[in-house]
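Participant: As you go down the protein sequences, you meet chains A and B in turn. Using the working numbering, the letters of the first sequence correspond one by one to residues 28 to 846. Using the working numbering, the letters of the second sequence correspond one by one to residues 67 to 170.
Be a bit skeptical, because a hint or two may be false.
As the list claims (entries may be wrong) - Facing chain B, a subset of chain A residues (Cβ under 8 Å, in silico): (1) G154; (2) R523; (3) A817; (4) T824.
Rather than coming from a laboratory, the hints here were simulated on the basis of the structure. Where is the CB? At the ideal position from N, CA and C, for every residue including glycine.
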Amino acid sequence: MTRTLVVIGNGMVGHRLVDALSGSSWRIVVFGEESRPAYDRVALSSYVDTWSSADLELAPLSGAEIRLGEKAVSVDRERRIVVGASGVEVSYDALVLATGSVPFVPPVPGRDLPGCHVYRTIDDLDGIRATVEAADRPGRHSGMVLGGGLLGLEAANALRGMGVSPHVVELAPRLMPIQVDDGGAGLLKRLVEKLDLTVHTGTSASSIERDGSRLIAKLANGLELDLDVVVFSAGIRPRTDLDLGLELGPRGGYLVDAACRTSDPHVYAIGECASVEGMTYGLVAPGYAMAEVVADQLNGGTKVFPGADLSTKLKLLGVDVASFGDAHAQTEGALEVVVNNAVAGTYSKLVVSDDAKTLLGGVLVGDASAYPSLRPLVGKEVPAALLQPGGNAADLEMPADAQVCSCHAVTKQTITDAIQSGVACDVAELKACTKAGTGCGSCVPMLKKLLTDCGVEQSKALCEHFTYSRAELFEIVRATRITTFTALIEKHGSGRGCDICKPAVASILASLNNGHILGETQVSLQDTNDKFLANLQRNGTYSVVPRIPGGEITPEKLIVIGEVARDFGLYTKITGGQRIDLFGATVDQLPEIWRRLVDAGFESGHAYGKALRTVKSCVGTTWCRYGVQDSVGLAIELELRYRGLRSPHKLKSAVSGCARECAEARGKDFGVIATENGWNLYVAGNGGFTPRHADLLVSDVDTETLIKIIDRFLMFYIRTADRLQRTSAWLEGLDGGLEHLREVVVDDKLGICDELEAAMASHVSDYADEWRGVLEDPEKLARFTSFVNAPGTPDPTITFRAERGQRVPVQLGIPEVVR
Amino acid sequence: MTVVCDFEVLRPEQGVAALLPDGSQVAVFLTADGSLHALDNIDPFSGAAVLSRGIVGDRGGVPVVVSPVYKQAFELATGKCLDEPSVSIAVHQVRVRDGVVEVT
Ligand SMILES: Cc1cc2nc3c(=O)[nH]c(=O)nc-3n(C[C@H](O)[C@H](O)[C@H](O)COP(=O)(O)OP(=O)(O)OC[C@H]3O[C@@H](n4cnc5c(N)ncnc54)[C@H](O)[C@@H]3O)c2cc1C
Ligand code: SF4
Ligand code: FES
Chain A
28 MTRTLVVIGN GMVGHRLVDA LSGSSWRIVV FGEESRPAYD RVALSSYVDT
78 WSSADLELAP LSGAEIRLGE KAVSVDRERR IVVGASGVEV SYDALVLATG
128 SVPFVPPVPG RDLPGCHVYR TIDDLDGIRA TVEAADRPGR HSGMVLGGGL
178 LGLEAANALR GMGVSPHVVE LAPRLMPIQV DDGGAGLLKR LVEKLDLTVH
228 TGTSASSIER DGSRLIAKLA NGLELDLDVV VFSAGIRPRT DLDLGLELGP
278 RGGYLVDAAC RTSDPHVYAI GECASVEGMT YGLVAPGYAM AEVVADQLNG
328 GTKVFPGADL STKLKLLGVD VASFGDAHAQ TEGALEVVVN NAVAGTYSKL
378 VVSDDAKTLL GGVLVGDASA YPSLRPLVGK EVPAALLQPG GNAADLEMPA
428 DAQVCSCHAV TKQTITDAIQ SGVACDVAEL KACTKAGTGC GSCVPMLKKL
478 LTDCGVEQSK ALCEHFTYSR AELFEIVRAT RITTFTALIE KHGSGRGCDI
528 CKPAVASILA SLNNGHILGE TQVSLQDTND KFLANLQRNG TYSVVPRIPG
578 GEITPEKLIV IGEVARDFGL YTKITGGQRI DLFGATVDQL PEIWRRLVDA
628 GFESGHAYGK ALRTVKSCVG TTWCRYGVQD SVGLAIELEL RYRGLRSPHK
678 LKSAVSGCAR ECAEARGKDF GVIATENGWN LYVAGNGGFT PRHADLLVSD
728 VDTETLIKII DRFLMFYIRT ADRLQRTSAW LEGLDGGLEH LREVVVDDKL
778 GICDELEAAM ASHVSDYADE WRGVLEDPEK LARFTSFVNA PGTPDPTITF
828 RAERGQRVPV QLGIPEVVR
Chain B
67 MTVVCDFEVL RPEQGVAALL PDGSQVAVFL TADGSLHALD NIDPFSGAAV
117 LSRGIVGDRG GVPVVVSPVY KQAFELATGK CLDEPSVSIA VHQVRVRDGV
167 VEVT
């Protein structure tokens with residue numbers, strides 16, 4: 028007989044349990060109070076980058092009956108029945124409680140006022156956003172986060188992303204009191220204050236009052252803050268509002284044994300709502316471990332919860348923070364080895380036993396690269412080198428049983444086994460077969476290192492002719508000023524080249540402004556599209572796309588396009604990029620078509636190139652009732668600035684005149700959305716095969732700053748991306764991700780921004796229309812013939828038929844193949 | 067033999083197309099080492115007459131032209147498709163006489 032398992036709570040841990048039981052004989056019914064499918068709460072803060080909840084969704088589960096938006100309101104343990112808010116009753120053979128936590132809100136008068144929020148669910152974030160958007164303060168908004176722990180700092184960062192300057196109020200004398208010691212917290216405070224956060228430690232809010240549309244918070248130290256929004260982030264409490272008459276742990280939570288079973292043998296509790304032998308855990312990894320324990324038990328196993336490592340490593344507002352083991356040196360006689368480098372902005376403390384032999388724990392701030400090597404050494408002998416000045420923990424050998432991925436409890440052994448048996452040869456395969464790296468992602472650099480240590484060459488070679496990656500070749504070409512493919516392959520490659528390296532090098536040469544792409548030394552490198560400055564279609568004809576900056580066109584020019592299309596019999600279609608594509612031109616016709624277009628003032632639209640395509644726009648303030656900036660004007664300015672820019676892949680852009688986003692800028696490589704105060708810049712979005720919403724890079728900047736940052740962003744991408752890597756894949760592969768990108772192109776951490784801007788300035792000043800260049804040069808023109816021995820004779824294989832009043836290609840017969 | 071063009075007109079690592087009296091087409095390539103090759107111009111995978119516009123290079127040292135449509139490589143000397151060994155295209159005779167390139 029089928030047994031029924033009821034799970035209450037469709038959060039991260041409940042989801043994991045159902046996943047672990049897939050394929051088992053249990054019938055599973057899940058009650059989920061939230062109306063959306065289970066999502067990645069750990070990554071909740073990234074919701075503000077895209078405001079797309081789909082980006083956070085966990086892998087969908089099959090085989091379970093998941094009742095979204097149905098809160099479990101009571102449980103009858105006698106009859107083994109769970110009752111849902113809709114009145115539905117489900118009887119169970121086993122019940123698992125996975126109700127998570129509730130945010131703790133200190134009893135401050137005014138805490139229930141509109142504009143006060145907690146920070147736990149997607150709905151909470153939507154609420155915060157609504158408050159911020161409704162605020163009518165000119166300039167940047169102002170907010171307060173109550174609580175300066177890990178979550179509080181994350182919430183503060185999220186507020187920044189919404190254009191709010193946050194005050195962080197922490198009762199303890201330092202930030203992140205649980206994880207970090209005084210020395211580390213001091214540095215942390217200095218680093219985060221640079222980022223527009225105001226930190227108030229050793230105080231708390233004594234009241235919050237509403238004043239018109241504002242909130243006024245009074246702090247215990249006498250300060251008064253004038254605010255638009257308040258976020259409580261003062262800790263969490265296990266959620267036990269569903270009263271089953273079960274015993275609770277000393278710090279709340281349903282009390283369970285090491286098998287995660289309550290005193291009722293049919294009822295289990297896992298995740299943040301569980302108190303395992305009296306201990307509660309506010310991290311996802313221990314919750315996952317509990318889910319695995321219960322899945323095993325339900326399948327007849329005997330697994331128990333082994334306890335959990337509460338070490339954490341995170342990047343808060345771009346600052347690395349890690350703490351592990353006995354971070355506060357509470358072990359009897361523990362010694363501390365502290366290195367505080369105020370200049371470099373790094374702080375590290377190792378806690379060792381009284382004989383200095385055993386590593387007990389530590390704290391790292393500013394640079395946590397040593398964390399993956401150090402954490403597994405806790406409780407083991409300290410390598411002597413580590414205690415010497417200059418000792419570098421990042422180079423230490425890890426023991427085989429060391430946990431590399433704490434989110435999924437994967438050891439080094441498991442990973443090296445997967446690599447050595449040949450099951451996994453790269454990070455993606457390791458993720459698929461071990462799950463390591465699929466949680467918070469902080470262990471990915473370690474996975475890369477293990478691959479290298481195991482001798483797996485992470486080949487970045489462009490093709491068989493170059494052992495370098497595209498980014499490396501770019502640097503070589505830039506540094507050596509080599510201007511021809513022949514010279515490059517002779518010195519730095521082998522063989523004659525191929526359809527991969529030739530266009531890639533041609534693109535690099537073009538990005539570095541080496542003259543017309545059909546110049547004598549470059550023409551043989553180009554793909555047919557670039558060779559004929561048009562897009563090859565299936566029957567060997569080409570399509571023609573004149574540039575229409577921002578999608579704005581006069582009736583006169585529109586008529587010219589219509590006339591050209593009519594006179595040459597071209598199939599005509601409006602593209603998604605707000606311009607017009609003319610299909611069916613033969614090689615011989617291209618120059619004649621373009622002569623007419625150039626005479627009418629058109630330029631190449633680069634639809635054929637890995638280059639800037641279009642900058643779409645909506646009508647903005649000029650016409651639209653809602654517009655707040657001149658989106659068309661900016662789109663035209665951007666399109667004219669970046670036209671002709673060659674890049675690793677095509678580049679698309681758009682500008683919307685207000686937050687309604689009619690131009691779909693978030694689906695572009697760089698998209699701009701107008702705000703009351705300026706512009707928000709989003710980067711690395713795309714449609715296509717794997718759509719991705721662009722991430723917010725900077726907000727509320729003026730036009731000059733905006734253009735400066737786009738210049739840097741584009742040049743940084745052009746220099747460092749792989750061949751045919753769109754900005755989205757590039758950003759996802761970038762070590763340090765969006766934060767790192769921001770450090771490089773906004774904060775100029777690498778000191779290369781001047782160079783990037785200069786490179787763009789030279790692109791802008793050297794730009795020349797490629798089609799005009801062809802029309803003015805008889806030698807280039809001569810290439811536009813179908814047959815060298817019969818110029819002007821049309822290709823007899825090209826024939827057309829009519830469809831809906833236009834000419835379309837006749838399907839080509841596949842000619843006989845000689846075998 | 068059909069006249070293609072003056073040898074001068076050819077550029078290393080590039081192709082040109084020529085029309086034969088029977089209406090068929092041939093792609094003629096000059097490689098970097100100075101040798102000449104002629105193949106059918108029609109790409110058997112797309113049916114389009116475009117091989118002369120492909121990128122010339124080598125695969126593991128074997129000189130090839132890569133179709134610009136779906137990117138299969140054809141060996142210049144034999145017409146064999148390296149990506150789909152069961153497919154090959156016709157090779158034509160090519161020579162230079164008095165500075166003029168000719169094919170059959
Ligand atoms: C902003 C933020 C950042 C975080 N960062 C990290 C991090 O970096 N690392 C880390 O390890 N952890 C982090 N966490 C903690 C992590 O998200 C939690 O540990 C994890 O989500 C716990 O999973 P859970 O399933 O126990 O609870 P939850 O994910 O909270 O799920 C519980 C679910 O049960 C539902 N529920 C409750 N009662 C009922 C009922 N009666 N009927 C039906 N449904 C009910 C709730 O609505 C909720 O959806 C973070 C948390 C937040 C909020
Ligand atoms: S994005 Fe805003 S300004 Fe632009 S058309 Fe839409 S509503 Fe109008
Ligand atoms: S440690 Fe979080 S994914 Fe591996």
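Participant: With reference to the structure, classify each hint as holding or not holding.
Facilitator: Going through the hints against the structure:
no.	hint	result
1	G154	violated (51 Å)
2	R523	holds (5 Å)
3	A817	holds (5 Å)
4	T824	holds (5 Å)
The earlier numbered hint that this structure contradicts is number 1, and it is the only one.
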